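**Student:** Sequence:
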Amino acid sequence: MKKSLILAFAALLMLTAAVPDKTTTIFIIGDSTAANKDISGGKQERGWGMALQCYFDDNILVDNHAVNGRSSLSFIREGRWDKVLERIKPGDYVIIQFGHNDEKAGADRHSDPGSTFDYNLAKYVRETREHGGIPVLMNCVVRRNFFVNVPENDDDEKLRTTTFKDGVKMVEGDSLIDTHGLYRVAPRDVARRMNVHFIDANQITHDLEQGLGTEASKKLHMWFLPGQEPSVPAGRQDNTHYNIYGAHVVARLLADALCEEIPVLKPYRCEADVTIDTQGRGDYLDLQSALTALDTSKPVTIQILGGEWERPQMPKKSKVKFILRQGAVWK
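With the numbering used here, the residue at position 180 of the sequence shown is 475, and numbering never jumps.
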């Protein structure tokens with residue numbers, strides 16, 4: 296009997312190992328506008344790629360490899376691309392979005408549109424396909440630049456060490472001014488030449504920021520007056536990087552764009568009023584903060600990503616619906 300049980304258990308293990316992983320992964324490679332961020336000490340900066348998981352169900356796994364300050368060149372030279380290639384399985388998607396740092400002058404990051412920038416993008420496309428993946432080219436998101444004259448910007452990463460008073464003192468107009476030039480055009484050209492899915496993230500975010508206007512668009516970014524946000528008490532004027540709200544607005548728009556470009560993803564697109572996640576991918580880190588902020592007398596859907604949670608005692612008239620995802624369970 297004991298031997299039979301052992302054999303049966305071994306057979307079960309072999310069967311389980313033989314079942315293919317049906318989860319489709321969306322890998323993201325890019326820069327700080329998409330990257331995962333340090334959330335310690337209540338830090339508010341987020342990348343849109345950090346929030347993307349909130350807009351796809353458990354059939355889709357978002358694996359975000361975007362890193363602050365990287366260009367299409369440095370991401371390869373640092374070996375980061377090789378690590379992504381090791382994980383791609385047939386049918387996975389790879390979102391490729393660079394440009395912000397390829398513009399910088401340093402030899403360790405710079406590439407030229409129409410030349411080395413295009414070459415790097417083509418390399419990502421080609422090698423993704425060689426590993427059975429599906430490449431998706433995106434051009435860079437816009438900077439919030441309403442300045443009549445575009446200010447010099449030698450490194451977006453320096454914005455994190457500035458305060459509100461260090462911000463650029465220039466007159467703003469009503470029209471958003473492009474800062475990317477041909478870096479926003481090259482990904483479309485490469486996509487056309489190589490027959491690749493393309494998402495015009497630059498146009499999408501341009502329309503978003505222009506539609507909001509000079510003042511309201513600040514709410515998307517790490518743009519805080521002194522004393523307004525505890526994690527940056529001296530304030531900040533960062534027109535490149537997103538805060539929690541901005542990252543989710545952009546992630547939602549890009550999720551929609553992905554589903555329009557790639558219709559097979561549409562069935563897995565999901566939506567909730569807010570998402571809770573201790574890793575910082577959601578709108579809140581803990582459930583109580585969300586419940587305090589929401590009007591639970593009206594229909595509200597709260598999505599929870601991963602972990603064990605104490606189920607809150609809700610009033611009888613509460614209209615809150617909870618969705619548990621990525622292995623989240625009630626204790």
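Simulated from the structure, these hints should not be mistaken for lab results.
All figures in this text were calculated on a predicted structure; none of them were measured in a lab.
One thing to keep in mind: the hints can contain errors.
Cβ pair distances, simulated, as ranges [stated by the list, open to error]:
# : residue 1 : residue 2 : range
1 : Asp352    : Ser584    : 38 to 48 Å
2 : Val624    : Arg372    : 40 to 50 Å
3 : Tyr563    : Ser592    : 30 to 40 Å
4 : Arg455    : Gln583    : 38 to 48 Å
5 : Ser470    : Pro528    : 26 to 36 Å
6 : Met609    : Asp449    : 49 to 59 Å
7 : Ser584    : Lys317    : 30 to 40 Å
8 : Ser584    : Thr411    : 42 to 52 Å
Keeping only pairs whose Cα atoms sit at most 20 Å apart, straight-line, the calculated SDA-like set for lysine to any residue is [claimed, not checked]:
#  : residue 1 : residue 2
9  : Lys317    : Leu380
10 : Lys332    : Thr318
11 : Lys614    : Ser584
12 : Lys514    : Asp469
13 : Lys317    : Leu477
14 : Lys378    : Gly336
15 : Lys593    : Gln583
16 : Lys418    : Asp387
17 : Lys514    : Phe493
18 : Lys614    : Pro594
19 : Lys593    : Leu582
20 : Lys626    : Lys612
21 : Lys384    : Phe351
22 : Lys399    : Asp377
23 : Lys514    : Pro528
24 : Lys317    : Asp377
25 : Lys460    : Gln523
26 : Lys514    : Ile472
27 : Lys378    : Glu425
28 : Lys317    : Lys616
29 : Lys616    : Gly601
30 : Lys464    : Glu447
31 : Lys561    : Arg620
32 : Lys399    : Leu477
33 : Lys514    : Tyr540
34 : Lys317    : Arg620
35 : Lys418    : Asp377
36 : Lys626    : Asp581
37 : Lys384    : Lys460
38 : Lys418    : Lys464
39 : Lys460    : Glu524
40 : Lys460    : Asp450
Note that the Cβ used here is the ideal one computed from N, Cα and C, for glycine as well.
**Student:** Hints broken by the structure, by number, lowest first?
**Tutor:** 1, 4, 10, 13, 14, 17, 20, 22, 24, 28, 37 and 38
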